[in-house]
Amino acid sequence: MNIEQILQAAEKILEPWNKETLRPEANRVDIVMQADDLHAATVALHEAHWGYLSAITGMDLGVDSGQMEALYHFCSGPAIVSLRVRVPRENTSIPSIADILPPAIFFERELSETLGFKVAGLDESDRLFIPDDWPPDVYPLRADFSPEQATPVAEKHVEEIPEQGMLTGNTFVIPIGPQHPALKEPGHFQFTVDGEIVTGAKMRLGYAHRGIEKAAESRSWFQNLYLFERVCGICSHTHAMAYCMGVEKLAQVEAPPRAHAIRELVAGLERIHSHLLWLGVAAHEAGFDTLFMYSWRDRETVMNLLEQVTGNRVNYSANVLGGVKCDIGAEQAEKIKEGVDYLETRIRHYLEVVTTDAMFLNRTRGIGSITAAEAERFGLLGPTARASGLMRDVRIEAPYGAYVRYPVSLVTRTNGDLEARCEVRLEELLVSCFAIRAILDNMPDGPLTVRMPRKIPAGETISRVEAPRGELLYFIKSNGGENPARVHVRTPSLCNWVSVLEKAVGRQLADVPMLIAGMDPCFSCNDRLVSVVRPHGSEILSWTQLRKLGIEYYSR
Amino acid sequence: MRIGTMLKDIIASMFKKNSTQHYPFEKNPTPERFRGNLYYDPSACTGCCLCVKDCPSKAIELVTIDRATKRFVLKYHMDRCVYCGQCAINCKFKCMGMSNKDWEHAALDKKEFTVYYGKDEDVKQFLEKLTASTDAETNE
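If you read the sequences in order, they're chains W and C.
Letter by letter, the first sequence follows residues 1 to 556 in my numbering.
Letter by letter, the second sequence follows residues 1 to 140 in my numbering.
Worth flagging that the hints you see were computed from the coordinates, not collected in a lab.
Small disclaimer: the values here were computed from a predicted structure and weren't measured.
Built from N, CA and C at the ideal position, the CB exists for glycine as well.
Some hints here could point you the wrong way.
Said to hold, decoys possible - Over the 10 Å line for every Cβ pair with chain W, so calculated as not near, a few chain C residues: (1) Thr20; (2) Glu26; (3) Cys48; (4) Val63; (5) Ala106; (6) Glu112; (7) Val115; (8) Tyr116; (9) Asp120; (10) Phe126.
As the list claims (entries may be wrong) - Each pair of labels, with its calculated beta carbon distance range: (11) Phe25/C x Pro135/W: 51 to 57 Å; (12) Thr64/C x Glu11/W: 54 to 60 Å; (13) Asp9/C x Pro135/W: 52 to 58 Å; (14) Phe93/C x Asp289/W: 50 to 56 Å; (15) Pro135/W x Lys119/C: 48 to 54 Å; (16) Tyr553/W x His22/C: 33 to 39 Å.
Bound conformation, chain W alone (with noise of 0.2 Å):
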């Protein structure tokens, strides 16, 4: 099937309630609807089996339309299809659609938060991603809002939860994070446990929360090229990579096949880079430090190769709005190559290591189990998704940039456990391989920029990649000024947390680390927005109670 056809089958399945038909984009169809519509065509979408649920997102239009939107992206292969609500800004009611689809509770709670939609059902008795001392009812991403709003206030409804102990009931809370030996990155969970066996599972996230979006409207479209290139220290290039492709469809410039072909060569460099973190992470959660090391060892290889190609080993800015800064020449080619050949033989000894070795299967095999029918429904993406047999891959149903000419094929496994996920990582890197020596085979000649306008005309746009940790989608709106009017970012790593909390369930706690580590959590990507389930249950310190114990502490 073709886009039209796809994206007539998703018409028709939407005809009930459509109001309008726009068509902002070649590979994008928007519907129109009213709010009370929504969950039935949500319904109608999901039992047609067409797509899945990729982000939502919320604008607001401003005070003088006095309106709202929020936008509701499916996407199924390369078409997208937005059913778009229009909401008056006193009355911002609209239906709840995470009962048929579960990951939408945390782009809902997104929309509470931040643009302050009142999604019904949604409990909002508690703070979520911004901070506890953030004044009620003060929105960052209205139109409106000012920064003097933003007075903080008293942690109110921290001071309402009774001091409780570990125990309360017959069950028994242990809290982990947001600092805590066994995660690197601050994400605070509570497990109930019977025993060993863990009963329940919540999260609390938002301690890396830095507002990006609201910073990215009152900056320029190249400064806010470094601006989301920082949203991720590990996938940055990535994010560049969207937010570049998408600024250029709207310009309506192309970049050069050169600098494309240097892109997806950036990419795959550090698609390398974060799958083998991600490998000595696993392992030394599994408690396998001699694979940790000899594996963060091999990675300096492809480090060293991304700062003598880009100038920098992490934030590379290889991008620039219309092509790439860097040119490779013969000798670099060269450079590559000796490196990626090491690799490879590298990257196969590993994943001989992770499907042999007795005691690291004991930790993998058979351990966290997610069927595709489970990864579809808990909306999963990336090589997580891909582990359970689910076919996701942006590079492959919707190639962009370079994928065009240099495809890379899919990597696949139907278990769907931890064992599977390493496999599928691993084998990844091997395509990757592959693919950086087809470019640098066959490197198209030319220049590597065309001109950029400084204002960018009126639009919208979707602009999707693949990270290495999922498919990253930007939503990118243009008022025709020199500043972006909207940017919306969705993170990979938002979709996947429902796979730790629905499969920590009736695991024995000891695997609760490798189960998080399972799916690369990338917390300062997904912080810039954020989900939280409110804990309860233990001990939870306010600012100021945490001072006052820590002051006392350390005058002892």
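The hints should help you fit chain C onto chain W, whose structure is shown.
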């Protein structure tokens, strides 16, 4: 299933020499494209300020002493810089770039991270004026 799958790697490593570098006595050479501190050559500058405009972290300020004779002083805050190199890309006259030699940042005073680039006499004139104005403020 086997045990000791990585034993070979470990044994091989026992016969290798220590790979820890004794920094700062021994330094790894930085690659040619490494983006360290910014450098600025005032002779070609026309004062178009495109570098200042696109800097994502407001790390550079360009002070015009006299546009007609092309006298500029560039105030560079290396503690704000994110070393992205966008200014060097923007400059049509190639008067700035990122050094791959000068990259070590350690100082006891934050003031050392603000650097003035320009012709010697221009920088001198600018700094004298700056001290004069701060002196005047303190006297008040």
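Each hint tested on the structure:
no.	hint	in the structure
1	Thr20	12 Å, holds
2	Glu26	16 Å, holds
3	Cys48	13 Å, holds
4	Val63	21 Å, holds
5	Ala106	19 Å, holds
6	Glu112	23 Å, holds
7	Val115	20 Å, holds
8	Tyr116	24 Å, holds
9	Asp120	30 Å, holds
10	Phe126	26 Å, holds
11	Phe25/C x Pro135/W: 51 to 57 Å	54 Å, holds
12	Thr64/C x Glu11/W: 54 to 60 Å	58 Å, holds
13	Asp9/C x Pro135/W: 52 to 58 Å	56 Å, holds
14	Phe93/C x Asp289/W: 50 to 56 Å	53 Å, holds
15	Pro135/W x Lys119/C: 48 to 54 Å	52 Å, holds
16	Tyr553/W x His22/C: 33 to 39 Å	38 Å, holds
The structure agrees with every numbered hint stated previously.
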